[in-house]
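Participant: Using the sequences plus the hints, can you model the full thing?
Chains A and B supply the protein sequences, listed in that same order.
Number 60 in our numbering belongs to position 60 of the first sequence; there are no gaps in the numbering.
Number 273 in our numbering belongs to position 273 of the second sequence; there are no gaps in the numbering.
Please note: incorrect hints may appear among the correct ones.
Lysine-lysine pairs mimicking DSBU-like chemistry, simulated, CA-CA at most 30 Å apart [as the list claims (entries may be wrong)]:
#, chain 1, residue 1, chain 2, residue 2
1, B, Lys231, A, Lys295
2, A, Lys19, A, Lys194
3, B, Lys283, A, Lys194
4, B, Lys283, B, Lys110
5, A, Lys295, A, Lys194
6, B, Lys203, A, Lys194
7, B, Lys227, A, Lys295
8, A, Lys194, B, Lys110
9, B, Lys231, B, Lys110
10, B, Lys110, A, Lys19
11, B, Lys283, B, Lys203
12, B, Lys283, A, Lys303
If you only want the chain B side, here are some residues facing chain A, beta carbon under 8 Å, derived [claimed, not checked]:
#, residue
13, Ala31
14, Asp63
15, Phe65
16, Val77
17, Leu259
The set of hints was computed from the structure by calculation and includes no laboratory data.
Glycine is no exception: its CB is placed at the ideal position from the N, C-alpha and C atoms.
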Amino acid sequence: MRKGMAMMRSRPILEYLRKHRAPYLLLAPYLLLFLVFTVLPVLSSMVLSLTYYNVLEAPRFIFWENYRRLLLNDEVFLIAVRNTFVFAFLTGPVSYTACLLLAWLIHDLRQGLRSVLTVVFYAPSISGAVYMIWAVMFSGDAYGYINSFLVRLGLLRDPVAWLEDPRTMLGVIILVSIWLSLGTSFLAFVAGLKGVDRDQYEAGAIDGIRNRWQELWYITLPNIRPQLMFGAVIQITAALAVADVSVNLAGFPSVDYGAHTIVTHIMDYGILRFDMGYASAIATILFLAMVGLNKLVQRLLSKVGT
Amino acid sequence: MAEQRTHKVNRSLGGNIASFAFLLVLAGFMALPLAYVISTAFKPIDELFLYPPRFFVRNPTLDNFASLLVLMGESWVPFTRYVFNTLFVTTAGTVGHVVLASMAAFALAKHEFRGRNLMFSTIVLTLMFSGAVTQVPSYLILSRLNLIDTPLSIIIPAIQASLGLYLMRQFMTTVPDSLLESARIDGAREFRVFWSIAMPAVKPAWLTLVILTVQALWNNTSPYIYKEQLKSLPQALSQILAGGIARAGTGSAVAFLMLLVPLGAFILTQTQVIETMTTSGIKE
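Facilitator: Following this line, the structure appears as structure tokens:
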């Protein structure tokens, strides 16, 4: 390999590029934008995390100081990490399971009904700002639907300030996020199930598979493993990036940081305080957490149905 | 349509009834907030202030849509300006993304070249983290390029979204090589092969890219836009909703109208989107 590289002088490289110019030319426009707006930001975030940078003065290298401050001296960051992980470990698995379960259940229905339910389940994830309506439902006064309903049922004596109380706000955000989360992964599962060869189910029945749950585990899931992997990536990434729902429903910053997350912590230092080095250190930790968790789950999913 | 029929082995009647009931309950949970928005958009003002609050409209009216027109006339920036901004960003971003990501996907799926595997594994890696991770350097880069407070600050990042390239590349691999080879023998240049042979063959995939980008850009509320004249329709919507309960009817009317675009687009293309997702899987 190294010998080959050494032998490749500039001339053979040019020769190679000239002979294979079609794919490079097709790739070039996208690649240019991708390098500038995805690859460069990731790399510069890692470099900036080792500096003090307030935009006005040139960045100054302080090495691990940001990380030391973040992990040892920043209690709000620990709250953000706790909230993010509580959120991710509830919404992630719940929404992933819901995507799979619903896709699997509607797969047994007739074509027309299946299409209608696909739209009903998928619609919230593409409805943009409509989720703000949950703020009306969970409104803290007696006008809020949830309060009004629970008071009339006698389950509550006084209205609860759902989105202002640090004890309830994370729960509401989790509920709304689950409502929003039947997106791309759900469609991938619907599609994956459609692609499973029907003969396999009949062969399975002959081989002694007796109910729908055995069928799911031994036939269906192994067949859609690639879609399961893809769906996991999408759900994990979204679960750890929680911020918009929190900011729009609980405010920024939320009361007593009850709905503060790692991403809102980045916003706090990056957008409000202009401490770009520190914000980059938080972002780098989030990046490592996302990629690490994704790789871990990929490894677990490769064992499905075995 | 034999393949559309569902299989019947290993299904019990009781299980079918239970799963159907479960589906109905969850469909209700999912649809309720949307039903509320649609219902509220048609509520007269006295029903908005009702106590205890009532969920569904009793005397539907178009008042909210009429007052939306009044509000549009009164606003400092003409309301049509927000509509134009959102339409412009959505169209430019979608066309750019579909064309550039498809070209790149074609190269990755149908050509052998050095760096191909590196490029593809980088794309898969970028699916594993979100834009939130890169927002600080992205802001610095956009400001260095003098793109802050311009529509390009929304359009360019949308063009290079990696999910679209990933889905397109996966789908492109299913196009038979023989189809492309026969065009190459005819002497067509590679871009023509891509544009006239490959793209028509992957119509479900590029429709999917259109749908995903339209959804993202139509609902976009960019943090990099400060000028009122450049703000988007969703940003105008949140300003209306900030007017409190008195504006709840008008706000719901706007939300209802905005919902029609992504929802309508998905309903029209559902079959193709699902077909594209068949190849979305990640192989170990």
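Participant: Could you tell me which of the numbered hints above are not met by this structure, giving the numbers in increasing order?
Facilitator: Checked against the structure, the hints that fail are numbers 1, 2, 7, 9, 14, 15 and 16, while the rest are satisfied.
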